[in-house]
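Reconstruct the complex from the two isolated chains, following the hints.
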Amino acid sequence: MGEVIKVDAKGMACPGPISALTRAYRKAKNGDIIEIEATDPGFKPDVQAWVKRTGNELLELTEEGGVIRARIKVTAKRA
Amino acid sequence: MAKEKVVILGGGGGGAILANLLPQDRFEVTVVDKSEYHVFLPGFLWVAFKGQPKEKFRRPIKSLLKPGVNFVHDEVVGVDLNERTVHLKGGGKLGYDYVVFATGAPLDFDAVPGHRELVERFGDFYSTLENAEKLHRTLASMREGRFVIAIADPIYKCPPGPHKGTFLSYELFKRLGVADKVKVVLAVPYPHVYSSKTIADVIEPELEARGIETHTFFTVDSIDLEKHKIYSLEGEELDFTVAAVVAPHTGPQYKVEPGNVKDDSGYIKIDKYTSQVVGFDDAYAIGDCTNAPTSKSGVTAHLQAEVVAKRLQGFDARYSGRTNCPLITDGKGLFVISDYDHPPIPVRLSGLKRFLEELFVATYWSAIKYPELWDPIFEAYFEASAPEVFLRYGGW
Chain A
1 MGEVIKVDAK
11 GMACPGPISA
21 LTRAYRKAKN
31 GDIIEIEATD
41 PGFKPDVQAW
51 VKRTGNELLE
61 LTEEGGVIRA
71 RIKVTAKRA
Chain B
1001 MAKEKVVILG
1011 GGGGGAILAN
1021 LLPQDRFEVT
1031 VVDKSEYHVF
1041 LPGFLWVAFK
1051 GQPKEKFRRP
1061 IKSLLKPGVN
1071 FVHDEVVGVD
1081 LNERTVHLKG
1091 GGKLGYDYVV
1101 FATGAPLDFD
1111 AVPGHRELVE
1121 RFGDFYSTLE
1131 NAEKLHRTLA
1141 SMREGRFVIA
1151 IADPIYKCPP
1161 GPHKGTFLSY
1171 ELFKRLGVAD
1181 KVKVVLAVPY
1191 PHVYSSKTIA
1201 DVIEPELEAR
1211 GIETHTFFTV
1221 DSIDLEKHKI
1231 YSLEGEELDF
1241 TVAAVVAPHT
1251 GPQYKVEPGN
1261 VKDDSGYIKI
1271 DKYTSQVVGF
1281 DDAYAIGDCT
1291 NAPTSKSGVT
1301 AHLQAEVVAK
1311 RLQGFDARYS
1321 GRTNCPLITD
1331 GKGLFVISDY
1341 DHPPIPVRLS
1351 GLKRFLEELF
1361 VATYWSAIKY
1371 PELWDPIFEA
1381 YFEASAPEVF
1391 LRYGGW
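Those protein sequences? They're chains A and B, same order as listed.
To convert, note that position 25 of the first sequence is 25 in this note's numbering; the numbers rise steadily by one, no gaps.
Heads up, this note's numbering is the position in the second sequence plus 1000, with the first residue counted as 1.
Don't take each hint at face value.
[Stated by the list, open to error] Just so you have them, the derived chain B footprint on chain A, three or more residues with Cβ under 8 Å:
#1 10-21
#2 48-62
[To be verified] No more than 30 Å apart at the CA atoms, straight line, and that leaves these computed lysine-lysine pairs for DSS-like:
#3 A:K6 to A:K44
#4 B:K1332 to B:K1197
#5 B:K1332 to A:K29
#6 A:K10 to B:K1050
#7 A:K6 to B:K1197
#8 B:K1332 to A:K6
#9 B:K1269 to A:K27
#10 A:K27 to B:K1272
#11 A:K27 to B:K1255
#12 B:K1181 to B:K1332
#13 B:K1056 to A:K6
#14 B:K1197 to A:K73
#15 B:K1272 to A:K29
#16 B:K1227 to B:K1050
#17 A:K44 to B:K1272
#18 B:K1181 to A:K6
In short, the hints are calculated from the structure, not lab data.
Yeah, the Cβ is synthetic: ideal placement off N, Cα and C, and Gly gets one too.
Looking at chain B on its own, in the form it has when it is part of the complex (with noise of 0.2 Å):
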């Protein structure tokens, strides 16, 4: 039997974890990106503000493919799905006989005025390897004043991420011997402090006792560099020394035909079970890409591959909304943990979660190109800490 084509658009988490599950004596598999390097975004964290090298959070696409897998470094500027042909910038084309989209969300730095400039003056933690590094030069350099942290839209990558940043840059000043002088200012979208109430109500303590300065229906609007002022859509305004700004997430930038599996804001539509692009049973979509209603992250993308994974070979697997999402603070930790049927369920702040947080970014590598090793384990823990588990017999 001639091998099933199957085409992966994107070499991120999901496209190439899924690329290393399909199992090559049934499958000829092909994994497209523009970049020849897979960066690890949580890793913008660990390089803006703790000055880790950035060296350390980037790999070629290539050393994390299993042998045999194709690699193709080039970049998708059509999918035409009912002709089942990808278009490549340097023009050439690929027939598959699946394809799946893994090709993350791109930010959009031009729908807010201001930040493309305040990007480049500062950096930020959620754009690039060298932006988060410009950050951490930027930020070490502080001696007083406000560094601000704030969203452009509500819906973003990794929830926690601009948390995650407020407390670590409090922990930077405070190594640095200038948390007194430097306020730490954190402004979200949302009610609360957190876009889960849950969750709001177990972090907001820890940000007042560390005398961090919050802020919410904070939706970014618009920068003003020289005034050092941001506006919000609220009609609010923040002043700021230096400012980081979360920027509106869009869908795939390449034609997709037709264009109504594309959502409104460019996503691509999907059954939010199986992954399957809409009105196509040879389409998938993974990850950010998707309109999926569960939050952008790296674990959607590794659960969601996964399904696909065994999709492909004739199981019927469903992804259930899981997330667990770690939110750190300086020295302790938490998992978001919800799916579809259950919002976010109460959790508390622990060391042995931080602890795991670093152990999930130190196995990360190994956790891409192996994961048959590490897929039980990480099955074992989804099982043990599912929500209806946790509600049932009570959380950690």
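Next up, chain A with everything else stripped away, as it sits in the complex (with noise of 0.2 Å):
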């Protein structure tokens, strides 16, 4: 089993949520979730623009009362 990540990226402006993503990532292991948090709009579109560029695995987006909220299963990483 892998870990989970959690990044709060609430009230950080563009790209401040991607950057903290991309941070994450690089710690990250295959079989690891990240979820992550944020406000910024810009969020949603750039976070699915990722997750294709990537080849990880988007397990939920939602928007929640302002709040964008996505868990990303990590299996992209290169050995």
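Written out as structure tokens, the structure reads:
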């Protein structure tokens, strides 16, 4: 079982949240889950584009009360 | 009344300006730096891409400080905020009434496999004047192939630096008559070619018009010098003939007690408005060494130095988070203007702004040594170009 890495990017302006995700991804291993919360509206399309580009798995993407929450399963890291 | 002792760690832009702003009838000011020289970091671009002499961008720190400011040439190895003591490598100790961290953000060349060898081979335009000189020699001898500029971590100083390097290297290759044979490539960690989409929209057509190849979501993970490949964290790879990669930055490497004043990345945690170190009313941090959520840039250090100078004298000054990062192309320029309440505002490229940037560079040493002369001019400029002013009355 991988670890769950929580990233709080609430209040950060673009590109803060995607930068925080990149930094978390550097430390992550395949099998880990990154849970990131952000309030910047640009984060939604950005995280979708990021997942598509990197080939990781987007488990969940929700928006509630202005908070965008993404759960990403790390599957595409180079061994 | 006895003078209050202010110890400033670092004689770069922020540290030197602060030292020169503090009234000496009230404060005994000491600047500590491990280097005898103050280096104008944006000068790396001029050395690497224009071949200017490195001596132009380096001055002895002592010569930039007002008479009466003490300079200690030694390395800080520890700061004990509870004991109010700065420990020096030479074995000495400095007590203080106020301490100000201004030691910048060192680069970590061990974070990315292959990076040290890359810099050793080609030089770069982010670390030292010597490496900038080396990069110039490397580029000047290129006749064909791909010159790749890439970034290893999304948080780095001077956000437009890699873009400036991109445009200026294109200009250099054009001057050398090899622009049609050398491909300039820029790879950034962001979803767009610049961290702010507003600015990306302005420069993207400029990059395209020059045939510059761009890659987004590309954060350097490792470099293979023998295979001439850069691999990204996102799973892609780029071929290069010559490459310059911006290294991940770190917070201060010396020990600070209590340890919890540093964040996860090692940056000093401060109140973003007052620059006060969290939990201490006699410690401040300015410039690249802090965790303030603004660009790591000389303008930030300068404006924070002014805020700290005023606060030490009892005024309630606050830093708005204002940035004014110049982004120059071959011939034109713009300033990335933002603050804590406004993301970068729409601006356009113009020849005047490029000229203004040259003017800033030309007046740099004077602005460091005589901030009392230049600050009223800067203040008027920053007020006139504040994001809310531009948004209400239109930008430029």
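Now the hints, each set against the structure:
1. 10-21: holds (count 7)
2. 48-62: holds (count 5)
3. A:K6 to A:K44: It holds: about 17 Å lies between the C-alpha atoms, which stays within 30 Å.
4. B:K1332 to B:K1197: holds, 19 Å
5. B:K1332 to A:K29: Distance of about 44 Å is beyond 30 Å: violated.
6. A:K10 to B:K1050: violated, 42 Å
7. A:K6 to B:K1197: Holds: A:K6 and B:K1197 sit about 26 Å apart, inside 30 Å.
8. B:K1332 to A:K6: violated, 42 Å
9. B:K1269 to A:K27: holds, 22 Å
10. A:K27 to B:K1272: holds, 27 Å
11. A:K27 to B:K1255: Roughly 24 Å between the alpha carbons, so the hint for A:K27 and B:K1255 holds.
12. B:K1181 to B:K1332: holds, 24 Å
13. B:K1056 to A:K6: violated, 47 Å
14. B:K1197 to A:K73: At roughly 27 Å apart (the allowed maximum being 30 Å), A:K73 and B:K1197 satisfy the hint.
15. B:K1272 to A:K29: violated, 33 Å
16. B:K1227 to B:K1050: Roughly 29 Å between the alpha carbons, so the hint for B:K1227 and B:K1050 holds.
17. A:K44 to B:K1272: Holds: A:K44 and B:K1272 sit about 27 Å apart, inside 30 Å.
18. B:K1181 to A:K6: violated, 46 Å
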